[in-house]
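*Asks:* Order-wise, the sequence lines are chains A and B. The opening position of the first sequence corresponds to residue 1 in our numbering, with each subsequent residue numbered one higher. The opening position of the second sequence corresponds to residue 1001 in our numbering, with each subsequent residue numbered one higher.
None of these hints come from the bench; they were simulated from the model. Incorrect hints may appear among the rest.
For lysine-lysine, the following DSS-like pairs were computed, each having C-alpha atoms within a straight-line distance of at most 25 Å [said to hold, decoys possible]: (1) A/116 - B/1337; (2) B/1097 - A/234; (3) B/1097 - A/181; (4) A/203 - B/1097; (5) B/1126 - B/1174; (6) A/203 - A/234; (7) A/239 - B/1015; (8) B/1156 - B/1097; (9) B/1126 - B/1182; (10) A/174 - B/1308; (11) A/239 - B/1097; (12) B/1097 - B/1008; (13) A/239 - B/1008; (14) B/1242 - B/1261; (15) B/1015 - B/1242; (16) A/116 - A/174; (17) B/1156 - B/1227; (18) B/1015 - B/1126; (19) A/203 - B/1015; (20) A/190 - B/1097; (21) B/1097 - A/157; (22) B/1015 - B/1261; (23) B/1182 - B/1227; (24) B/1242 - B/1182; (25) B/1261 - B/1156; (26) A/157 - A/181; (27) B/1182 - A/203.
Since the structure is predicted, the reported quantities are computational estimates derived from the model, not experimental observations.
Okay, here's what each chain looks like letter by letter:
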Amino acid sequence: MHFYLFDGTAQGFYTAAFLAYADEQAFLACENTQIGLNDMTMPVTNDKDKAERVLKKLREYDRAAEAEIDAVLRSHFSDRAQRAFLYLRLLVRRRGPVRRMHAEPAVEGALDAVRKVRGETHNMTGFLRFTETAGGVMYAPCSPDNDIIEYLFPHFKARFGAQPFVIHDLRREKACLYNGKDAALLPLGKTELVLSDDEETFKNLWRDYYAAVNIPERRRLRQMRGYMPVRYWKFLPEKQP
Amino acid sequence: MIDADRLKILTNGAKYDVSCSSSGSGRRNAGGLGNAAPAGICHSFTPDGRCISLLKILLSNDCIYHCRYCVNRADSDIPRASATAEEICELTIAFYKRNYIEGLFLSSAVHVSPDRTMEEMVRAVKLLRTVYRFHGYIHLKGIPHADPALVREGAKYADRMSYNIELPSEKSLKLLAPQKTKQSLLLPMRELTAFRREGAERKKGHILPAGQTTQLIVGASPEPDGKILHLAQSLYDRVGLKRVYYSGYVPVVHDGLLPEKPAGALREHRLYQADWLLRFYGFTADELLSESENLAAEYDPKCAWALKNMHLFPVEINRCPAELLLRVPGIGMRGAKRILEARRYAVLRYEDLLRMRIVMKRAKHFITCDGKFFGAEKPARIRRSLVLQGAAENAEQLSLFSSPETALTSLTGEL
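Working from the sequences, and respecting the hints, build out all of it.
*Replies:* Below, the structure written as structure tokens:
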């Protein structure tokens, strides 16, 4: 196999896709990939023109596919770049949308990843928990499977209006910051919080509510865990003692 | 601020309302806090497997009614509490800001009189919308016998309203909820439907964008499933409800007129499955069962229907019309959509359907893929492989001394 190793950026991906287009043995991956003895690495240097050429064709053939490829590249699959590439290549070869060709493995591979990413985004719009800091900023830590805080941001921006807030992805050490007007995406490691006076009170009221709204006669723990996987619990106050 | 004790009491009284959905409304944030997500969002799940989407709370649990099945009925020996409209608003905003909830589900026991109760509930909702400038989801419970003008006022601010029909027949209602009549529940539903249509015609804002729902208790009275589903169908068709919720009876109150045993989760589950067939799959209640029948426990309602109508099957997956595709067990809404889309590009084979996540375990008995049939030939075998409970009963941990047949099933996975 020919490994096209790129730097993880969108431009890198589209450059690699340009170079690998005609190569039937191509495998696209990010730079820190383990490769086998018989495999070859192909150098990819980011090239704006090459990336633009691919993107132009892509937009011409299918206007919604760029967003899908962005989602695939954010997914947690280790072969995400390859999935995105096979989808892109099929689309360009057929000169039109392919997302309805469900029997095609390249399509299902990519769209599965899209579903995973969008599904988790939807779940996180529910499971994200904000704490109020002393300065009045709402702060939400999370560590989602997929790289989705940029997708979460518009939802909360529309919802919170002028309320400043921060969504912090602890796993990828980055955060979306919003001051009520402007937004920024910054690398952010560990943070120290000073909570507002009411925070503990409301957190406890929420825990009381959670305990009271349960009907103990109907125990369905498996169902609960199915809908709300345990890995999300560490950020949920109702699941903390 | 509301204290923990009252919050617990008021939640305890409200939790038997099953409706939890926050879907159906696209309300925007018009300067203030909150908006509604059309698909609805679940924010947490409790150990009973239900989701928490809305802050489900009573304004008061001090009731003048004597509904036998209800924990809040007048002669029940429980602590009583009330909250003010301001307290409810404050709590909703605080929870919403932390993304604990998607909105408010406000209900109440009938306190002093239906009008007084409804008035206070409408005041809370109006306060939340206008003073606290909250644009998230609000589900408002209707109080039977309340003044229609009050109900209409509430409908202006809520996303969804609901009157609980409580029991599947007037006779049971009279017996178990003597103060409620069928008319006191159905009439306001009809009025709200008319009011909603009026609002849509005049384009003066959207009234109740998420429509109306209702709920009924299953297993507290003797009505069979058929009766319940026919009722649900008429509520969908004639009253224009968005959803009917079924609440499997749980004996929290001991009363001579009520059964001692719970209705069971399976019965509730089967009713919901059948309800989905009515709303999304183009089935009518008549096709599924007659008024005096119960749904089969061992098969899901779609399998049961298909087994009764084997003359329609198998269908060819590459040519079958959409309506019939939806009636194949193992093919749901998404599966049908995918098949319809994919077969325009290629002839679909068995492996393709597997990859498309069609539940072939059930579907294979009812379809052919490019002319080939992969299911069982004999109806008895099909039945056996579709029985859900059988799987658990026959499953067995293998030992050295297991019979050869059992050992074989562990290899093939067939039960």
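*Asks:* Compare the structure with each hint and give your call.
*Replies:* Verification of the supplied hints:
{"no.": "1", "hint": "A/116 - B/1337", "in the structure": "19 Å, holds"}
{"no.": "2", "hint": "B/1097 - A/234", "in the structure": "19 Å, holds"}
{"no.": "3", "hint": "B/1097 - A/181", "in the structure": "18 Å, holds"}
{"no.": "4", "hint": "A/203 - B/1097", "in the structure": "12 Å, holds"}
{"no.": "5", "hint": "B/1126 - B/1174", "in the structure": "34 Å, violated"}
{"no.": "6", "hint": "A/203 - A/234", "in the structure": "14 Å, holds"}
{"no.": "7", "hint": "A/239 - B/1015", "in the structure": "19 Å, holds"}
{"no.": "8", "hint": "B/1156 - B/1097", "in the structure": "24 Å, holds"}
{"no.": "9", "hint": "B/1126 - B/1182", "in the structure": "28 Å, violated"}
{"no.": "10", "hint": "A/174 - B/1308", "in the structure": "58 Å, violated"}
{"no.": "11", "hint": "A/239 - B/1097", "in the structure": "19 Å, holds"}
{"no.": "12", "hint": "B/1097 - B/1008", "in the structure": "21 Å, holds"}
{"no.": "13", "hint": "A/239 - B/1008", "in the structure": "17 Å, holds"}
{"no.": "14", "hint": "B/1242 - B/1261", "in the structure": "30 Å, violated"}
{"no.": "15", "hint": "B/1015 - B/1242", "in the structure": "21 Å, holds"}
{"no.": "16", "hint": "A/116 - A/174", "in the structure": "21 Å, holds"}
{"no.": "17", "hint": "B/1156 - B/1227", "in the structure": "34 Å, violated"}
{"no.": "18", "hint": "B/1015 - B/1126", "in the structure": "23 Å, holds"}
{"no.": "19", "hint": "A/203 - B/1015", "in the structure": "20 Å, holds"}
{"no.": "20", "hint": "A/190 - B/1097", "in the structure": "23 Å, holds"}
{"no.": "21", "hint": "B/1097 - A/157", "in the structure": "12 Å, holds"}
{"no.": "22", "hint": "B/1015 - B/1261", "in the structure": "20 Å, holds"}
{"no.": "23", "hint": "B/1182 - B/1227", "in the structure": "16 Å, holds"}
{"no.": "24", "hint": "B/1242 - B/1182", "in the structure": "19 Å, holds"}
{"no.": "25", "hint": "B/1261 - B/1156", "in the structure": "41 Å, violated"}
{"no.": "26", "hint": "A/157 - A/181", "in the structure": "10 Å, holds"}
{"no.": "27", "hint": "B/1182 - A/203", "in the structure": "42 Å, violated"}
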